[in-house]
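Just so you know, the protein sequences line up as chains A and B, in that order.
For the first sequence, the working numbering assigns the number 17 to the initial residue and increments by one for each residue that follows.
For the second sequence, the working numbering assigns the number 17 to the initial residue and increments by one for each residue that follows.
Derived by calculation from the structure, the hints in this document are not laboratory data.
Keep in mind that this is a model prediction, so the values were computed, not measured.
Backbone N, C-alpha and C fix where the C-beta goes; we use that ideal spot for every residue, glycine too.
Please note that a few of the clues may not be correct.
[To be verified] Chain A side only, calculated, beta carbon under 8 Å to chain B, not exhaustive:
id : residue
1  : Gly57
2  : Ile219
3  : Val250
4  : Val255
5  : Asn264
6  : Val284
7  : Gly323
8  : Ser328
9  : Ala329
10 : Ala392
11 : Leu395
12 : Pro398
[As the list claims (entries may be wrong)] Result set (DSSO-like, lysine-lysine): computed pairs, CA atoms no more than 30 Å apart in a straight line:
id : chain 1 : residue 1 : chain 2 : residue 2
13 : B       : Lys312    : B       : Lys288
14 : A       : Lys288    : A       : Lys312
15 : B       : Lys83     : A       : Lys83
16 : A       : Lys115    : B       : Lys83
17 : B       : Lys115    : B       : Lys83
18 : B       : Lys83     : A       : Lys288
19 : A       : Lys288    : B       : Lys312
20 : A       : Lys83     : A       : Lys115
[Claimed, not checked] Counterexamples of contact, computed for chain A against chain B with all Cβ distances above 10 Å:
id : residue
21 : Val208
22 : Glu221
23 : Thr252
There are 2 protein chains.
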Amino acid sequence: MYDLLSGLSVIEASSFVASPSAGLYCAQMGAEVIRVDQIGGGPDFRRWPVTGNNDSLYWENLNRAKKSVALDLARPEGRELLQALVRATGQVITNFPAKGFMAHDVLAQGRPDLVTVRVMGWADGSPALDYMVNNAVGYPMMTGAGPEPVNHVLPAWDLLSGAYAAFALLAAMRRRVETGAGSEVRVPLSDVAIGTVANLGGIAEVLYERENRPRLGNAVYGLFGRDFVTADGVRTMIVVVTPRQWANLVEALGLTQAIAAVEAERGVSFAKDDGLRFTHRDALFPLFDQAVGARKHADLAAALDAGGVVHSAYRTMLDAANDRTLVADNPIFGTAENPSGFSYPAAGAFATVPQLERQAPCPAPRNGQHSEEVLADRLSLPAGEIARFIDAGIVGVA
Amino acid sequence: MYDLLSGLSVIEASSFVASPSAGLYCAQMGAEVIRVDQIGGGPDFRRWPVTGNNDSLYWENLNRAKKSVALDLARPEGRELLQALVRATGQVITNFPAKGFMAHDVLAQGRPDLVTVRVMGWADGSPALDYMVNNAVGYPMMTGAGPEPVNHVLPAWDLLSGAYAAFALLAAMRRRVETGAGSEVRVPLSDVAIGTVANLGGIAEVLYERENRPRLGNAVYGLFGRDFVTADGVRTMIVVVTPRQWANLVEALGLTQAIAAVEAERGVSFAKDDGLRFTHRDALFPLFDQAVGARKHADLAAALDAGGVVHSAYRTMLDAANDRTLVADNPIFGTAENPSGFSYPAAGAFATVPQLERQAPCPAPRNGQHSEEVLADRLSLPAGEIARFIDAGIVGVA
């Protein structure tokens with residue numbers, strides 16, 4: 017938690033990963049993020065992983081440091097309260113449909129400076145999940161050794177869309193400061209995915225080559241990099257991106273003469289050219305397989321570290337969770353009283369601001385925990401009217 | 017291109033994916049992003065994919081709409097010019113080391129309101145690439161069917177760090193407006209990765225279960241989702257996240273009775289519970305394998321679309337690049353005069369702002385294309401002094 021965004025309030029009406037993560041990033045930077053959900057929880061409220069009591073460990077981490085307002089969004093009164101909260105606040109992050117009661121034009125009635133950030137599936141407004149757009153842009157057909165497609169487990173498009181949505185919110189707010197004008201910023205997963213393919217040169221590559229990149233397994237395209245197995249059975253990734261790293265790697269593995277022989281035979285120099293190291297990987301990889309395979313991991317790691325060569329052994333998520341440097345001793349982690357009752361390291365903002373003191377991570381709210389407070393503060397509703405909404409099942413409280 | 021960030025100028029001293037993508041997102045939203053590189057190009061200037069002339073299709077896409085200043089950063093005069101540009105501009109995105117001539121404290125001398133956003137590898141400042149932090153947090157050991165680890169091809173951590181860095185820049189600038197104070201915001205890939213594991217519930221999950229999630233291949237954890245193959249050999253992903261999608265999927269495939277039989281046998285109801293559909297996937301998947309395998313893809317797709325069930329066939333990146341809806345007819349794409357001379361669809365901002373007119377994507381600069389203009393405008397250097405720098409090889413021009 018930092019206070020970079022203190023003073024900013026945002027309504028978040030959303031579910032799943034992308035839109036909630038945008039709200040999370042804002043909340044971890046000190047914004048007041050008011051998540052509005054269906055009473056009893058939205059469609060992501062029980063999403064796995066869950067505890068034995070069916071409390072979602074996913075939900076309580078993606079919604080840390082937010083407030084929760086619970087409404088019956090199936091009824092007009094609940095929808096009107098959400099609309100009123102958006103208008104009273106002035107900025108909203110949502111993945112609700114672009115048409116209907118959460119349409120920007122509807123929300124902006126009486127609030128022309130409203131900023132709406134809308135995470136979408138397909139750009140035409142039809143639903144899509146991370147998996148759908150990932151298949152559509154081709155990455156599963158490039159991942160793994162083939163021939164079958166492999167979906168990556170990380171919801172990368174959701175996450176990228178969420179971070180981009182947080183950026184887009186602040187960008188649209190900056191324009192509002194300059195011009196006074198509100199706007200809707202739509203962030204479709206499908207455009208984030210195909211736009212990223214383009215940004216990384218992928219569209220240009222396949223149209224230039226007129227064919228797809230070959231499946232490379234764990235080898236890295238366009239430079240020297242792959243996984244290797246040490247004498248004691250540790251599989252580790254080694255990747256070279258600078259001439260110095262290459263020189264130091266070759267020397268550390270005692271491959272100077274063998275590499276020189278390949279260079280002489282092929283009439284090339286690997287010293288300064290990532291591409292050549294990739295093109296001639298058929299000759300290089302066997303040398304490195306043998307050299308890495310002759311060393312114990314600890315010895316290899318020490319030699320590579322000394323030469324500034326980046327490497328990283330594969331490990332499991334449980335190993336990662338128990339890594340002291342990465343988690344227990346990492347200042348981004350702290351503890352919080354979680355709704356599930358289960359205690360574990362909780363993350364704050366990814367970023368570190370050396371000039372500021374980092375505050376401890378906050379827990380996620382219980383569904384409706386802040387309904388009364390927010391309706392009173394934001395809409396100036398009298399306590400009696402809020403009580404009437406609660407009795408009528410329009411407003412839920414924790 | 018939109019003008020949400022017009023009036024903002026940012027120095028970008030960076031390379032590879034994460035830091036340049038942060039600058040790209042700002043440039044595509046109308047900021048003036050001045051990328052400062054070594055004369056002749058930084059370490060990423062020839063990165064693959066490249067054309068037959070060794071022009072990087074990667075570089076010219078990740079650096080669209082930016083200006084380029086080329087300096088000899090190995091010499092004190094070049095470094096001083098970069099420092100002066102940072103001080104004159106007031107905000108910088110960089111992945112240069114936290115210590116040295118691009119340290120925040122050094123840059124902030126005479127410019128106490130400076131905002132520095134620094135993308136890093138490991139949080140302690142030692143170098144790491146996307147592949148390193150990915151291995152460290154455990155995703156390759158979860159991706160694919162196993163037992164070997166599978167690295168995803170998408171540089172997801174780079175991309176997420178880049179988008180988050182763009183968000184962090186605007187957040188730190190917002191605080192500066194409120195308080196007048198500058199700050200450095202550090203975004204280490206390693207903290208983005210382990211923080212994301214935490215945000216998605218992964219840290220909690222493995223510590224609660226005291227074991228790792230099983231390898232699931234292309235099946236989705238915690239809900240109903242996997243790839244299936246149609247009668248005509250099309251492999252497609254189907255994922256269910258709402259009760260309505262489940263009901264419509266079961267009906268569309270004529271599985272109502274078969275599912276009811278499983279429910280009766282197992283004593284469960286799949287109607288409203290994602291988790292049960294996952295837990296009992298051993299019974300469900302064979303039914304769907306058979307039902308999908310009996311249908312042609314076109315028929316299946318029509319039936320699923322009618323029921324609002326999301327699905328997506330696997331395809332290659334070349335197929336994606338040639339998809340009219342996704343690329344040629346997609347308003348985020350346009351054409352630009354690329355440094356490589358090769359013409360292809362170029363992406364603008366992922367986001368769409370219905371209230372604003374989208375401007376065409378801009379090309380990437382040539383190395384040093386804007387050196388003279390920027391040094392004159394930003395540092396008020398007289399033409400003669402710039403010429404002296406050029407003659408001395410301190411400043412490069414295109």
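Query - Hints that the structure is at odds with (numbers, increasing) - result: 1, 3, 5, 6, 7, 10, 11, 12, 15, 16, 19, 21, 22, 23
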